[in-house]
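J.: These protein sequence lines map, in sequence, to chains R and H.
Its first residue numbered 79, the first sequence is counted upward by one per residue in our numbering.
Its first residue numbered 32, the second sequence is counted upward by one per residue in our numbering.
Simulated from the structure, these hints should not be mistaken for lab results.
Incorrect hints may have been included.
To be verified - Which bits of chain R does chain H cover? Going by a derived footprint, with three or more residues having C-beta under 8 Å, they are:
1. 292-299
2. 760-774
As the list claims (entries may be wrong) - Some residues of chain H that are not near chain R, with every Cβ distance over 12 Å (derived):
3. D70
4. E124
5. Q267
As the list claims (entries may be wrong) - Quick list of simulated restraints, FRET-style, between CB atoms:
6. H/A180 - R/G854: 28 to 34 Å
7. R/L378 - H/D118: 42 to 48 Å
8. H/D118 - R/A790: 27 to 33 Å
9. H/A180 - R/R851: 29 to 35 Å
C-beta atoms are modelled at their ideal positions from N, C-alpha and C, and glycine is treated no differently.
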Amino acid sequence: MVRALDRKLLRELWRIRGQVLAIAVVLAAAVATFVLSMGVYRSLVETRDAYYARNGFADLFVAMTRAPRSVTQRIAAIPGVERAEGTINQYSTLELPRKDMPVRALVSSVEEGGATLLNHVTLREGRMPRPGNAGEVVIDEAFARANLLRPGSTLYALIYGTRQRLVVVGVGLSPDHIYSIAPGDLIPDSERFGILWMGRRALEAATDRTEAINAIALKLGRGAVHADVIRQVDHILEPYGGTGAYGREDHMSHAFLDNELAQLDAMNRVIPPVFLLVSTFLVYIVLGRIIRTERTQIGLLKAFGYTNREIGWHYLKFALAVAVFATILGYAAGVSMGRSMTRLYAEYFQFPFLRYTISADVFVTAGGLSLASATLGALGGVRSAIGLAPAVAMSPPSPPSYRTGATERLGQWAGFSAVGQMIIRHIARWPGRSAITVTGIALSLGLLFSTMQFMDASRTMLDSFFFRAQRQDLTVTFIEPRNQSALLELAQIPGVLRVEGTRAIPVVMASGNRRERTAIESTEPGSLLAAHIDRSGEEIAMPAAGLMLSRQLADQLEVGAGNEVYVELLGGKRTITALPVASIVEEFVGARAYASPDTVERIAADAAPAGSALLQIDPAARRNVLIQLKDMPAVLSVTERDAALLKFQEMIDENIFTMLFFYIAFASAIAVGVVYNSARILFSEREHELATLRVLGYHRREVGMILVGEIALLVIAAIPVGCVAGYWLAQVMTAMFSSDLFRLPFAPNRATYGYASLIVSLAAIATVAIVARRVGQLDMIAVLKAREA
Amino acid sequence: MSDEKPSGEPGVEFVFRGTGLTKVYRSGETEVHALREVDLAIVPGEMVVLLGPSGSGKSTLLNIIGGLDRPTDGQLWYRDLELTRLDDRHLTEFRRDRVGFIFQFYNLIPSLTAEENVRLVTDIAKDPMDAREALDMVGLADRAQHYPAQLSGGEQQRVAVARAIAKRPGVLLCDEPTGALDSRTGMRVLETLCRANSELGTTVVIITHNRGIGKMAHRVLHFLDGRIAEVEANDQRISASEIQW
Numbered sequence: 079m080v081r082a083l084d085r086k087l088l089r090e091l092w093r094i095r096g097q098v099l100a101i102a103v104v105l106a107a108a109v110a111t112f113v114l115s116m117g118v119y120r121s122l123v124e125t126r127d128a129y130y131a132r133n134g135f136a137d138l139f140v141a142m143t144r145a146p147r148s149v150t151q152r153i154a155a156i157p158g159v160e161r162a163e164g165t166i167n168q169y170s171t172l173e174l175p176r177k178d179m180p181v182r183a184l185v186s187s188v189e190e191g192g193a194t195l196l197n198h199v200t201l202r203e204g205r206m207p208r209p210g211n212a213g214e215v216v217i218d219e220a221f222a223r224a225n226l227l228r229p230g231s232t233l234y235a236l237i238y239g240t241r242q243r244l245v246v247v248g249v250g251l252s253p254d255h256i257y258s259i260a261p262g263d264l265i266p267d268s269e270r271f272g273i274l275w276m277g278r279r280a281l282e283a284a285t286d287r288t289e290a291i292n293a294i295a296l297k298l299g300r301g302a303v304h305a306d307v308i309r310q311v312d313h314i315l316e317p318y319g320g321t322g323a324y325g326r327e328d329h330m331s332h333a334f335l336d337n338e339l340a341q342l343d344a345m346n347r348v349i350p351p352v353f354l355l356v357s358t359f360l361v362y363i364v365l366g367r368i369i370r371t372e373r374t375q376i377g378l379l380k381a382f383g384y385t386n387r388e389i390g391w392h393y394l395k396f397a398l399a400v401a402v403f404a405t406i407l408g409y410a411a412g413v414s415m416g417r418s419m420t421r422l423y424a425e426y427f428q429f430p431f432l433r434y435t436i437s438a439d440v441f442v443t444a445g446g447l448s449l450a451s452a453t454l455g456a457l458g459g460v461r462s463a464i465g466l467a468p469a470v471a472m473s474p475p476s477p478p479s480y481r482t483g484a485t486e487r488l489g490q491w492a493g494f495s496a497v498g499q500m501i502i503r504h505i506a507r508w509p510g511r512s513a514i515t516v517t518g519i520a521l522s523l524g525l526l527f528s529t530m531q532f533m534d535a536s537r538t539m540l541d542s543f544f545f546r547a548q549r550q551d552l553t554v555t556f557i558e559p560r561n562q563s564a565l566l567e568l569a570q571i572p573g574v575l576r577v578e579g580t581r582a583i584p585v586v587m588a589s590g591n592r593r594e595r596t597a598i599e600s601t602e603p604g605s606l607l608a609a610h611i612d613r614s615g616e617e618i619a620m621p622a623a624g625l626m627l628s629r630q631l632a633d634q635l636e637v638g639a640g641n642e643v644y645v646e647l648l649g650g651k652r653t654i655t656a657l658p659v660a661s662i663v664e665e666f667v668g669a670r671a672y673a674s675p676d677t678v679e680r681i682a683a684d685a686a687p688a689g690s691a692l693l694q695i696d697p698a699a700r701r702n703v704l705i706q707l708k709d710m711p712a713v714l715s716v717t718e719r720d721a722a723l724l725k726f727q728e729m730i731d732e733n734i735f736t737m738l739f740f741y742i743a744f745a746s747a748i749a750v751g752v753v754y755n756s757a758r759i760l761f762s763e764r765e766h767e768l769a770t771l772r773v774l775g776y777h778r779r780e781v782g783m784i785l786v787g788e789i790a791l792l793v794i795a796a797i798p799v800g801c802v803a804g805y806w807l808a809q810v811m812t813a814m815f816s817s818d819l820f821r822l823p824f825a826p827n828r829a830t831y832g833y834a835s836l837i838v839s840l841a842a843i844a845t846v847a848i849v850a851r852r853v854g855q856l857d858m859i860a861v862l863k864a865r866e867a
Numbered sequence: 032m033s034d035e036k037p038s039g040e041p042g043v044e045f046v047f048r049g050t051g052l053t054k055v056y057r058s059g060e061t062e063v064h065a066l067r068e069v070d071l072a073i074v075p076g077e078m079v080v081l082l083g084p085s086g087s088g089k090s091t092l093l094n095i096i097g098g099l100d101r102p103t104d105g106q107l108w109y110r111d112l113e114l115t116r117l118d119d120r121h122l123t124e125f126r127r128d129r130v131g132f133i134f135q136f137y138n139l140i141p142s143l144t145a146e147e148n149v150r151l152v153t154d155i156a157k158d159p160m161d162a163r164e165a166l167d168m169v170g171l172a173d174r175a176q177h178y179p180a181q182l183s184g185g186e187q188q189r190v191a192v193a194r195a196i197a198k199r200p201g202v203l204l205c206d207e208p209t210g211a212l213d214s215r216t217g218m219r220v221l222e223t224l225c226r227a228n229s230e231l232g233t234t235v236v237i238i239t240h241n242r243g244i245g246k247m248a249h250r251v252l253h254f255l256d257g258r259i260a261e262v263e264a265n266d267q268r269i270s271a272s273e274i275q276w
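Working from the sequences, and respecting the hints, build out all of it.
T.: Now the structure itself:
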């Protein structure tokens, strides 16, 4: 049987259902974001780990110019190595029917007999290539989908200078290409880049590498020391142009996925706590008000013999009931948002299966946090209910006494109307609650601002990367470094206006005990097509001597301008050169290094050939230039700047706008929750006064202004606080979202402060307007008879 | 005190004129007849006292003539303005410009000083007197900067009177104005009301349980069961100080 006290609780909850709902929405947002990010995080990690284990994702990777296949056995014999598999990886250009844009692929060899155990391909459709069938390939699923290819489709590929007809026999996935990105690109573009798996013998023949390989994948045993294995691998492969073994953390696909996971983790650490804090505040003020109005009842209950524990528990149950409701709401929202976010991930990350599953402990933790935050908020109220002496409680509380203080004098000095005085004195009379309202609105604004400014960050990044640093229309990558004549050949193509050669050499940079794998890039002196932009947007010149490091790389190496770093060339001659860091450039993508061609020549100890070329073309001749490039055997790939830009913008539109929609909704939920509760409490406290004003001849609108005015003042006070909080929160989030791959710029636009403030203010004013409508229902007659509550 | 008839403006016969005023409250299944076809006429400058037991309809009538409530049936005019046809907005205008209310429990705003409580009304009235002047009229000029919590009950009620008269209302409606006061302070409040009536020519309607107060008025309307049971005109009015409490 429901006890009378519980019945009272239920009715009370129902009576203030609007307020209960407003708190529950904020608390539910905390639960939802927690379940969402934690759920997606766990799902991704579990899926990834299962996939890695099932398909034998390697622990170490190494590439070399060319090595005999037998070297694999020497590598496998290194202590700690469980398995080593040699493969051929070859970039190629594809010709797809009805496509004039350049399409590239990485062709990877697989053992025809199915003996490949590392980075094993999972077939989604069709079969693996058969021994003896030269042109058979398996293609990756995203590429197949984007280009409408399926088993049976044929295409032509320019592999190692030879045009070859290929037949698609299967569609598959592999754990080393969960995130497949073309070299030099920022984001996946499945239409223009794909992975092809070809039988080993067929690829050996196509690339003139009979019984030779150019890459090895290694699986290490438990307890193997990676650094030791890497040293030995590098030693063995030195004569073969080994470019240095690296672990998963430097593996592109793994690193991108890791980066995404880190962002989810960051989101989880920043956003739910904001909501939990606001919920705690809301429970505190709402329960505080309930206990003040139920003072007499509490006295009566105590007089009847209810113990302090029973009364405390009664009010705590109020908070817990709200929390339970919010938790259920949050679970539902979190699970459904998690599903759609997982779907979004499935578009960028190629998993054979990506199920959104949430383990019980995520639910338990989310529920626990929700209950804890509500309980914390309830403590103050519960303590005051317990502390009430029955005799005191049953007599009405002493009337609020106002006296002339600073606020009053300020208002009088400013010549406020009597109504204006009522507003500011009430704020000053309840400083704690006013502060909570201001804090809540400020947090909502801060959260909104810190998410909205990611759009500014993306725009800055886009502007810096695509418009200011990259001025070429096309980037042409050669199959292997070429000399000046290749550049001249490009310059002769009709429509090509300018050609600049560039070169990148793989190196390991070291300073103290810090080592980073990177590449040093060089462009022609006086280059017009490649620029380096610093933080203030100024172009900075390539130093004549020494290195220019991106901020990211400098931070990783813990060096600054003037320090010296050791540069070890990977592949070919393994020279070690000590070079000064001449300058640092503020770049947002990757950890990169730059040097003049002379410096690069010194490190590489050869005359600098060009690995790729930057082209400026006549837009009208684009098609023709692309067709000509396609037919040049020396050309490995062509990247169009505009296509990359478009793809990047698409990604921003798709992801950031979805995120933004969620965050505007979330931030508004906080603003609405805080303002609704503050306004309802304000209304109930001032009901008597407001009715009196109506009797005195104030119109509904004028009386409503007392509510709107007080909240508006608090919103105005909250805006600067919120902007400061947002600035701070945005910096924290920017730092947390930055990884080895991306460094988000912190460059909020001033207008963003305005937009965020506007959205929060509108949400607040709309909410208080809803409460102000109650002015129309005020009972003026009751007020004439009643002693003030 | 004088026995003169209320003066009033020339050409205007009545301040309030009501016919067949009926008020029925529905609470659940039951109907409560608070007013039953009351006819009413109050002339300018008149002081009228409404007497009667609780629930007899006097407060309902006061609320209706004050524009706080509407009759279920019947018609009511304030001078040539038909109150029974006004919407909420115009009733608010009516209260704002014409009516001064005084309540048993003062209903002052605790966060405003005495002067500011008066300014609450002078801020919105068409032709108000200065808030200080109104406080001066009730003898509280020196307490202008005090908050309600710093004033005695009688002082608070006088602030309420000052607030009511500051707009120079056509009519003062007082619901048990002395109900919460002791005799001495009650008397001071009544004196103020009499001054407003005689010096400003304000029509005053007072609800009270105190028969003695009736002797101050030009007329006393006795209420019983929602009807005016008896109208008593005073040929000889007494002053507030002569009232027996």
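J.: Against the earlier hints, flag every one the structure doesn't satisfy and list their numbers going up.
T.: Those not satisfied are hints 1, 4.
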